[in-house]
Amino acid sequence: MKTLLQFFGNLKEYIIYSILVLTSLILIFQNENIQVRFIRAIAVSVMGVVQNTFSIIPNVFKIDAENKSLRENNITLSNELSKLKESKLENIRLAKMLEFKEKTGLNTVSASIIGKTLIQTRNNITLNVGENDSVKIGMPVISDKGLVGKVIATSSNYCVAQILLNKDLKVTAKDQRSRVDGIIGWEGEGKVLMKNVSKSSDVLVGDVIITSEYSNNFPPGIPIGFVASVGTVDNLFKKIEIQTFADFEILEEVFVIKYLSNDERQNLEKKLNPKQK
Amino acid sequence: MLEYLKYAGILFGLIILQLGINWLLPVTSYKITPDVTLIGIVYVSINRGKIIGSVSGFFSGLVLDLISFSFLGLSTLSKASAGFFAGFFFRESKINKYLSTYIFVLIVLFASLVNNFFYYVLYYQGSSLQIIDIVLRYILPTSIYTSFISVIPLMFFRKRLFKR
Chain A
275 MKTLLQFFGN LKEYIIYSIL VLTSLILIFQ NENIQVRFIR AIAVSVMGVV
325 QNTFSIIPNV FKIDAENKSL RENNITLSNE LSKLKESKLE NIRLAKMLEF
375 KEKTGLNTVS ASIIGKTLIQ TRNNITLNVG ENDSVKIGMP VISDKGLVGK
425 VIATSSNYCV AQILLNKDLK VTAKDQRSRV DGIIGWEGEG KVLMKNVSKS
475 SDVLVGDVII TSEYSNNFPP GIPIGFVASV GTVDNLFKKI EIQTFADFEI
525 LEEVFVIKYL SNDERQNLEK KLNPKQK
Chain B
2 MLEYLKYAGI LFGLIILQLG INWLLPVTSY KITPDVTLIG IVYVSINRGK
52 IIGSVSGFFS GLVLDLISFS FLGLSTLSKA SAGFFAGFFF RESKINKYLS
102 TYIFVLIVLF ASLVNNFFYY VLYYQGSSLQ IIDIVLRYIL PTSIYTSFIS
152 VIPLMFFRKR LFKR
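Sequence order for the protein chains is A and B. The first sequence begins at 275 in the working numbering and counts up one residue at a time. The second sequence begins at 2 in the working numbering and counts up one residue at a time.
So that you can see chain B by itself, here it is in the shape it has in the complex (with noise of 0.2 angstroms):
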């Protein structure tokens, strides 16, 4: 339970700082962010499982859609998914190797694609933007860009594991 929490203060904790510092981040033309949530998802996921993962994906996303009054349950689907799928990578023998190495970088960029791919597509549905569109505006600098701010995460990993 206590570990539940646990993920629950941090993943409430990087909500908190995705709305805070994302006006300090955006890069291109098209003003993307990194999504710093979904980081926490991939890490409760690694270590958790498809179900612990998803339902923290679902919870998160309900959260951040409330407070930045997007419409209401794109986050919850796009972050479950990205959490289901990110749980396939739970093995618990290698969950050290997969949060202390480039492994983990290479998980949030794939959870990263899916999460963007369920909420762009879906956000950009009714516009006239085509789909290679969303792909090359959002969909793939976003997953780069989270991808790449979870190297700092990693870097803490790796710190924490060899203090061990």
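The following block holds chain A by itself, in its conformation from the complex (with noise of 0.2 angstroms):
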């Protein structure tokens, strides 16, 4: 305590040199003229410097508060983030569905993939629509690329359609070029095939297939794929794979169109030929 006396006493002409400075000052500062606007604003400016300059002194208490709370600010920024990413892709395959739809003038529903088996020789995907949207067995299933399938089973907000990589699905297509007719067609492993075309045909890689108007189950027109290769399987006829242009593996979303056969026609072809399923 001594000391500290004696140390402020030494320091006592100083410190009576600040306060006389210090009231100055503050004298100054009652003034309202330019000299003492300027003043104050060179004032604050220091202050500000010295201010920035403790500022780097850190506070650990001060530290550990607010990375706390910035760790709870990332997560939600994190959270939120990909809500936005997620949002903005949903948005551009939404606008891409809307315009596919407007463009091909069909009528359709749109329906959200919420199951969707790959792996399998019959594959299908599950559609969050079904009876109370006016979906029925057997309407064809679209996305924004192309053919995607066939719906096979309906409940009142569900259904399931079978895809193209599906042994069971047959379409029947054609040669949008030379207008060759083929059948589509999965065998439970590599690409999907167009079959029942004659070694002759004039089938070209690149070509794309598209829906044939003979087919009783899709509406003609609609784009399948394209011709990836063209090959032999025998004598007569060509090995043809298409690459679809529906990628099954990033599906999301679908159009089912609300398109059923015409009965008439297709009872007039079951009585010219019995065995027709």
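Restricting the straight-line Cα-Cα distance to at most 27 angstroms, the calculated cross-link-like pairs of lysine-lysine (DSS-like) are: (1) A:Lys286 - B:Lys95; (2) A:Lys444 - A:Lys544; (3) A:Lys286 - B:Lys7; (4) A:Lys390 - A:Lys410; (5) A:Lys532 - A:Lys441; (6) A:Lys410 - A:Lys545.
Hints in this document: simulated from the structure, not taken from any laboratory. Because the structure is a prediction, the values reported are computed rather than measured.
From these two lone chains plus the hints, build me the complex, please.
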């Protein structure tokens, strides 16, 4: 205590001078003229620099609380960012679908895929639309890229559709360029094949394959895919591999086309050919 | 106590003198006048040190600010600073030497530079004058003029000293 008093005693001249300077500054700041305003601005700047300098000294308790708050903010922001990214992608997909829907002019119901199997020989997708949405068995399912499959079962709010990667689904198709007909099907592995195409037919790699007007189940002109390779099975038929436009791995939204086969036509065809299913 | 009253009387007299004769003594185109009050403050500082010097400077400046209607606090700051720095020359054994030789003029010059620096630099803030202009037009001429005038009290101190 004595040392402290001695210390301040030695500094008393400077302390008194500082008090006088401070008092003078207070008196100066009471004035309202241009010089004082300028000096005030300088004083504020100096104080800002001083405060900024002292703010470098870390406050441990404050840092801890700040870290906690930042971590919480980080989690919240990460979640929001993820949602925003998801929304953005969804927005892009939906915009494309809307554009597709307007372009095709087909009467469709949009649906989201809520279940999918891709590793079996009979692969299906489950959609979040059903009978309440006027979805019926046999209705085609398409995406903005092309044909996806056909509805095979419905409930009130859901339906299941066969996709092109299903051994049981057959689609009558044609080469858009050369108008050569064939049957699209999958054999449980590899790419989708276009069968029943004679060896002499004009089919080239890159040709677009679309649904044919001969099909009872699908409206004509829906793109299915393009010819990936052309080979021969035997002396009679070609082996044509099709790369589907729809990418089933990433497919999320589809349309169910409110299109059903013409019963009158089907009945007539059955009458002439009783073996036809 | 009597001594302090003597200092107060001297300073008050010098303030009155300064206000009374300043119109007689302006030099240069910038109307430079000597700061006779500062000479008194230097005298007090040499005799009594930094504390009394700065306090007397503060109150002299306060009276000057109040009487001259200048903006309050400017002379208090500059004169308290001048008194404080002049107090560095306070030595019990050398008071007479400092007061009766050319050293007094040099101390006045030094204190005047301090005083004028604070005063004019703050006074001309916000104006278009550069610091070098302020130094050349006001700080240096006023300081030199004041130290020149301080020769008068120096002669008085010398005369008094030789009488002893």
